Amino acid sequence: MTVATLYVVATPIGNLADLSPRGQEVLRTVAAICAEDTRHTGQLLSHFGIQQPLVALHEHNEEMLAERIVARLKAGESLALVSDAGTPLVSDPGFRLVRAARAAGVKVSPVPGACAAIAALSVAGLPSDRFTFEGFLPAKGAGRRERLQALAGEVRTMVFYESSHRISESLADMRTVFGDGRPAVLARELTKLFETVLDGDLASLQDRVDGDDNQRKGEFVVMVQGAQDDEQAQLAHGRRVYAKLSEHLPPSTAARLAAELTGAPRKALYGS
Numbered sequence: 001m002t003v004a005t006l007y008v009v010a011t012p013i014g015n016l017a018d019l020s021p022r023g024q025e026v027l028r029t030v031a032a033i034c035a036e037d038t039r040h041t042g043q044l045l046s047h048f049g050i051q052q053p054l055v056a057l058h059e060h061n062e063e064m065l066a067e068r069i070v071a072r073l074k075a076g077e078s079l080a081l082v083s084d085a086g087t088p089l090v091s092d093p094g095f096r097l098v099r100a101a102r103a104a105g106v107k108v109s110p111v112p113g114a115c116a117a118i119a120a121l122s123v124a125g126l127p128s129d130r131f132t133f134e135g136f137l138p139a140k141g142a143g144r145r146e147r148l149q150a151l152a153g154e155v156r157t158m159v160f161y162e163s164s165h166r167i168s169e170s171l172a173d174m175r176t177v178f179g180d181g182r183p184a185v186l187a188r189e190l191t192k193l194f195e196t197v198l199d200g201d202l203a204s205l206q207d208r209v210d211g212d213d214n215q216r217k218g219e220f221v222v223m224v225q226g227a228q229d230d231e232q233a234q235l236a237h238g239r240r241v242y243a244k245l246s247e248h249l250p251p252s253t254a255a256r257l258a259a260e261l262t263g264a265p266r267k268a269l270y271g272s
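According to UniProt numbering, the residues represented by the sequence shown are 1 to 272, in order.
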């Protein structure tokens with residue numbers, strides 16, 4: 001490490017053996033490690049016999065600490081950035097620090113490794129030549145449905161993260177917006193002891209999740225196939241317009257206007 005560098009290091013999402021030899025070497029060699037949860041990262045480092053100073057860097061203090069950390073980098077110290085699990089910045093803190101480091105002319109180098117979204121997509125069997133990563137949906141139902149409605153006509157495979165206490169509600173909202181028969185895959189606890197990957201359509205996935213307490217535990221990646229043809233995309237667009245219009249108009253009027261605006265069949269919109 002002849003040039004001071006901020007190393008963005010991917011850590012395991014479950015199986016500790018997934019921390020690469022290069023990742024271990026970087027974590028052993030840097031002056032300090034910026035971690036989302038120092039207790040969690042401390043356990044990871046202890047497993048590999050790594051003893052390095054830790055700096056707590058999370059969404060609540062990242063902006064405040066970025067300048068101080070960049071000053072250390074400019075003074076010649078190499079540092080590492082990790083999240084609790086997986087690749088930093090992917091639905092995790094860190095982009096403000098990376099942006100500040102790059103703006104200051106500091107070298108920023110990735111140390112690749114596990115990422116739950118990519119790991120899940122690699123085993124899903126859904127089209128993966130083009131996909132969109134949507135991270136976590138809003139926690140509240142109205143905000144979640146609004147976000148999904150904005151994706152109703154998306155033709156790329158959609159990748160979401162979800163928590164155990166919202167997985168059933170999210171699947172229900174996806175069924176409402178995308179339709180019961182939309183192909184989807186649910187990956188749970190990837191690389192861990194109780195890893196499961198379920199496939200089918202949204203209706204069958206929700207039935208399996210609701211019918212088995214174990215399938216509502218852990219961390220989830222939900223992947224939904226995009227709209228597959230013009231007719232399906234048109235219907236999805238019509239449903240999105242209908243949902244907005246029905247907030248202010250009687251359902252029959254909203255359906256008629258949505259059909260006129262989008263070309264979607266009126267009967268398919270009314271009551272959707």
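Keep in mind that the hints were calculated from the coordinates and are not lab data. Treat the numbers as computed from the prediction; the structure is a model and nothing was measured. It is possible that part of the hints are untrue.
[As the list claims (entries may be wrong)] With a straight-line cut-off of 30 Å between C-alpha atoms, the simulated DSS-like cross-links for lysine-lysine are:
id, residue 1, residue 2
1, LYS140, LYS74
2, LYS244, LYS217
3, LYS140, LYS192
4, LYS107, LYS74
[As the list claims (entries may be wrong)] Taking CB as the label site, the calculated pair distances span:
id, residue 1, residue 2, range
5, LEU193, GLY49, 18 to 26 Å
6, SER252, ASP18, 48 to 56 Å
7, ALA75, LYS140, 41 to 49 Å
8, ALA150, GLY181, 15 to 23 Å
9, ARG147, ASP199, 18 to 26 Å
10, THR191, ARG147, 24 to 32 Å
11, GLY42, PRO112, 52 to 60 Å
All C-beta atoms in this analysis are idealised placements derived from N, C-alpha and C, irrespective of residue type, glycine included.
Hints, one by one, checked against the model:
{"no.": "1", "hint": "LYS140 / LYS74", "in the structure": "42 Å, violated"}
{"no.": "2", "hint": "LYS244 / LYS217", "in the structure": "34 Å, violated"}
{"no.": "3", "hint": "LYS140 / LYS192", "in the structure": "29 Å, holds"}
{"no.": "4", "hint": "LYS107 / LYS74", "in the structure": "10 Å, holds"}
{"no.": "5", "hint": "LEU193 / GLY49: 18 to 26 Å", "in the structure": "23 Å, holds"}
{"no.": "6", "hint": "SER252 / ASP18: 48 to 56 Å", "in the structure": "55 Å, holds"}
{"no.": "7", "hint": "ALA75 / LYS140: 41 to 49 Å", "in the structure": "44 Å, holds"}
{"no.": "8", "hint": "ALA150 / GLY181: 15 to 23 Å", "in the structure": "21 Å, holds"}
{"no.": "9", "hint": "ARG147 / ASP199: 18 to 26 Å", "in the structure": "23 Å, holds"}
{"no.": "10", "hint": "THR191 / ARG147: 24 to 32 Å", "in the structure": "28 Å, holds"}
{"no.": "11", "hint": "GLY42 / PRO112: 52 to 60 Å", "in the structure": "23 Å, violated"}
When held up to the earlier numbered hints, the structure conflicts with 1, 2, 11 and fits the remainder.
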